[in-house]
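Sequence lines, in order, name chains A and B.
Every letter in the first sequence is one number past the one before it in the numbering used here, and letter 168, counting from 1, is 168.
Every letter in the second sequence is one number past the one before it in the numbering used here, and letter 266, counting from 1, is 266.
Some hints here could point you the wrong way.
Going by beta-carbon spacing under 8 Å, a handful of chain A positions derived as facing chain B [stated by the list, open to error]:
{"id": "1", "residue": "A50"}
{"id": "2", "residue": "H89"}
{"id": "3", "residue": "L103"}
{"id": "4", "residue": "A108"}
{"id": "5", "residue": "I110"}
Treat the hints as calculated values from the structure; they're not laboratory data.
Cβ coordinates follow ideal geometry from the N, Cα and C atoms, glycine included.
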Amino acid sequence: MGDLKLKNLNKSFGAVHVLHDVNLRIDNGEFVVFVGPSGCGKSTLLRIIAGLEDVTSGSIAIGGRDVGALSPAERKIAMVFQSYALYPHMSVRKNLAFGLENLKFKRAEIDARITEAARMLAIEPYLDRRPKQLSGGQRQRVAIGRAIVRDPDIFLFDEPLSNLDAALRVQTRAEITKLHREMQTTMIYVTHDQVEAMTMADKIVVLRAGRIEQVGTPLELFDHPRNLFVAGFLGSPRMNILKGRITIGDDRSVLVDVGYSTLLRTDVDSTTVAAGQEVLAGVRPAHFALADAEGLPFEVQYHESLGTETYVYGKLQGQSEQVIVHQPGHFAPAPGAILKIMPLDGRLHVFDPASELALARGRA
Amino acid sequence: MSANVSAIGFFTRTRRAGRIDVTDILSWLWLIGGTLAVLVPVLWAGMSSLKPEAEITRFPPTLLPRTAVQVDVQGFDKPFSLWNVTVEGESREMAMVRRIGLKAQMVDPDNPGKPVSVDTRSISPVQRLTVATENYTDPLTRFSFLTFLQNSVFVTFVATILTLIVNALAAFALSKYRFRGDKTIFVLIISTLMIPLTVVMVPAYLVIVGVGLVDNLWGVIIPTVASPTGVFLLRQYMLTIPDELIEAARVDAASEFRIFWRIVLPLTAPALAVLAIFSVLWRWNDFLWPLIVLSSRENFTLQVGLNAFQGEFSVQWHYILAMTFLSLVPVTLVFLFLQRYITTGIAGTGMK
Numbered sequence: 001m002g003d004l005k006l007k008n009l010n011k012s013f014g015a016v017h018v019l020h021d022v023n024l025r026i027d028n029g030e031f032v033v034f035v036g037p038s039g040c041g042k043s044t045l046l047r048i049i050a051g052l053e054d055v056t057s058g059s060i061a062i063g064g065r066d067v068g069a070l071s072p073a074e075r076k077i078a079m080v081f082q083s084y085a086l087y088p089h090m091s092v093r094k095n096l097a098f099g100l101e102n103l104k105f106k107r108a109e110i111d112a113r114i115t116e117a118a119r120m121l122a123i124e125p126y127l128d129r130r131p132k133q134l135s136g137g138q139r140q141r142v143a144i145g146r147a148i149v150r151d152p153d154i155f156l157f158d159e160p161l162s163n164l165d166a167a168l169r170v171q172t173r174a175e176i177t178k179l180h181r182e183m184q185t186t187m188i189y190v191t192h193d194q195v196e197a198m199t200m201a202d203k204i205v206v207l208r209a210g211r212i213e214q215v216g217t218p219l220e221l222f223d224h225p226r227n228l229f230v231a232g233f234l235g236s237p238r239m240n241i242l243k244g245r246i247t248i249g250d251d252r253s254v255l256v257d258v259g260y261s262t263l264l265r266t267d268v269d270s271t272t273v274a275a276g277q278e279v280l281a282g283v284r285p286a287h288f289a290l291a292d293a294e295g296l297p298f299e300v301q302y303h304e305s306l307g308t309e310t311y312v313y314g315k316l317q318g319q320s321e322q323v324i325v326h327q328p329g330h331f332a333p334a335p336g337a338i339l340k341i342m343p344l345d346g347r348l349h350v351f352d353p354a355s356e357l358a359l360a361r362g363r364a
Numbered sequence: 001m002s003a004n005v006s007a008i009g010f011f012t013r014t015r016r017a018g019r020i021d022v023t024d025i026l027s028w029l030w031l032i033g034g035t036l037a038v039l040v041p042v043l044w045a046g047m048s049s050l051k052p053e054a055e056i057t058r059f060p061p062t063l064l065p066r067t068a069v070q071v072d073v074q075g076f077d078k079p080f081s082l083w084n085v086t087v088e089g090e091s092r093e094m095a096m097v098r099r100i101g102l103k104a105q106m107v108d109p110d111n112p113g114k115p116v117s118v119d120t121r122s123i124s125p126v127q128r129l130t131v132a133t134e135n136y137t138d139p140l141t142r143f144s145f146l147t148f149l150q151n152s153v154f155v156t157f158v159a160t161i162l163t164l165i166v167n168a169l170a171a172f173a174l175s176k177y178r179f180r181g182d183k184t185i186f187v188l189i190i191s192t193l194m195i196p197l198t199v200v201m202v203p204a205y206l207v208i209v210g211v212g213l214v215d216n217l218w219g220v221i222i223p224t225v226a227s228p229t230g231v232f233l234l235r236q237y238m239l240t241i242p243d244e245l246i247e248a249a250r251v252d253a254a255s256e257f258r259i260f261w262r263i264v265l266p267l268t269a270p271a272l273a274v275l276a277i278f279s280v281l282w283r284w285n286d287f288l289w290p291l292i293v294l295s296s297r298e299n300f301t302l303q304v305g306l307n308a309f310q311g312e313f314s315v316q317w318h319y320i321l322a323m324t325f326l327s328l329v330p331v332t333l334v335f336l337f338l339q340r341y342i343t344t345g346i347a348g349t350g351m352k
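Can you make the complete structure from the sequences, with help from the hints?
Here is the structure:
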């Protein structure tokens, strides 16, 4: 069974501590994406799961079996590498067969599995070609095919789309998602691309500097980022951050004062905050709405029209930090114009500036 | 430049179109000179190996193998040599019956009459183009050339195979595994490049004596199998094989030896071809070490065997030349066969 448990995992390369107390539980059949900026340890974590790196301390269990001391082959995993790592001197067929031959499969069984995988990935016409004779997308599929024929408990993908052009990436992304739907096998996928993470994952694991920042479904992370890093990392363009102070309203409601007469309503639990407390207020560009009279004064600098949507860049009057506002469809405010904007209800994220953690929300 | 340049167009290209630059002349001189420097000794040896014994040391030397013509003359028992003679203002070919001081007695071979006496300074021998095949056939039958050849082929073949395997294994370990002291070991191996054979000859011989391999072909093969040049060459090439390939094979349940045998070794083929050529050349041309180790004639390699033609008092140049020329053939064949791998290797690495 393809469930995975990581417990207090630590990894050091010499004096460099790259993973700190990683605890993670992945259920059988889940599509999990490890995402984070480069150098956050996501690839190392994947390689540790694969058995290509030793752990410094901690334990790994696949299907309830401790695999810490087992070789990659014994862990029943298959991996798709960033560079595809196809054996250049072997035909596609031999590339697919190599793993099975090593496991002493019968010839008929090997052929059957190759035929099946080739059919799934539509690579039958290339079976007798060398990897050099294939395009990037075809190589990618052969690399996935090599994983499929092994029929592993867990698939591991290490940034498999980073060498493809944009159009092919979207297509292959959809193919991998479809593959997961068909096979229902646990897949762990490493990427630094948040779009891949958001579109493919059942569960996203956000890593930073060797620590897990947050684990959750894509929308959980998008709607309720646990801290400032997750809030900024997911969502494009990134979340606007405004400095402000807590004000407690007459009805015990918690408001944020960002320096204008208009106060921003929040759903922060009023028992956890005090009036006057400094906070950071985060609003995604898409969660600003144009308001009539009441609103924050937003001074337009320029805008980007993408046809279906428009991003307006500017700043709040009297402040220096850039603020981005999203508007659907065509929208062409003149540079220098002052717009009134307000965050949508329930879309204001409030963070503590010291710990960078999101403040606890009260009942809505 | 268009792709279908004719050969003449190719060879008459100049640095600037339409006129001959000094660099054109210099490069032609350099190329022709280099070609001659490489080609002439081989060609000379080849031509000379076809000359009869007496012709090799003749001065002035001739390029083509020629020999003096002998004729049978009616009324005489043994054949005489044929000479160009000018008698009474008329140039004729005559047989020399005997020679006394500056005078030679000549007869007309077609019409033997009374011998004519002529001045030896005015005559020159008549020569015809000949091929002295006995230079090749004699040693093959009389000097157990085939035994030497067999020994040489055995030593070269086995030593090259072992060299490739042993050095590739060492290079694999040094290029693809991280272990304490890996750099130190590599530097140690490389530093042995600076120790010449002559320094270790005596201790190496003592080891051969100790393990009882004196006068044994294995005594020639084994000490030369591990070569720092080979380890260096193969390690540097293996470093260019991506680690991800090896990791992919590991995930594919391949044992470490299988990774070496099925993944690393085939991908190192161009470097292996280079090392194979080197190794064949080294083993085939090796003289000193086989000379030391081998003592009985039936174990001699070709190079040691050729030494037998060089006696204390005489050197049988015609045999040495012929056998040397013959001993070039296998090496040339190996090179012709393996150079394809070198060029495909270079072409392969040039492609991303």
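Going down the list of hints, with the structure as the test:
no.	hint	verdict
1	A50	holds, 6 Å
2	H89	holds, 5 Å
3	L103	holds, 5 Å
4	A108	violated, 19 Å
5	I110	violated, 13 Å
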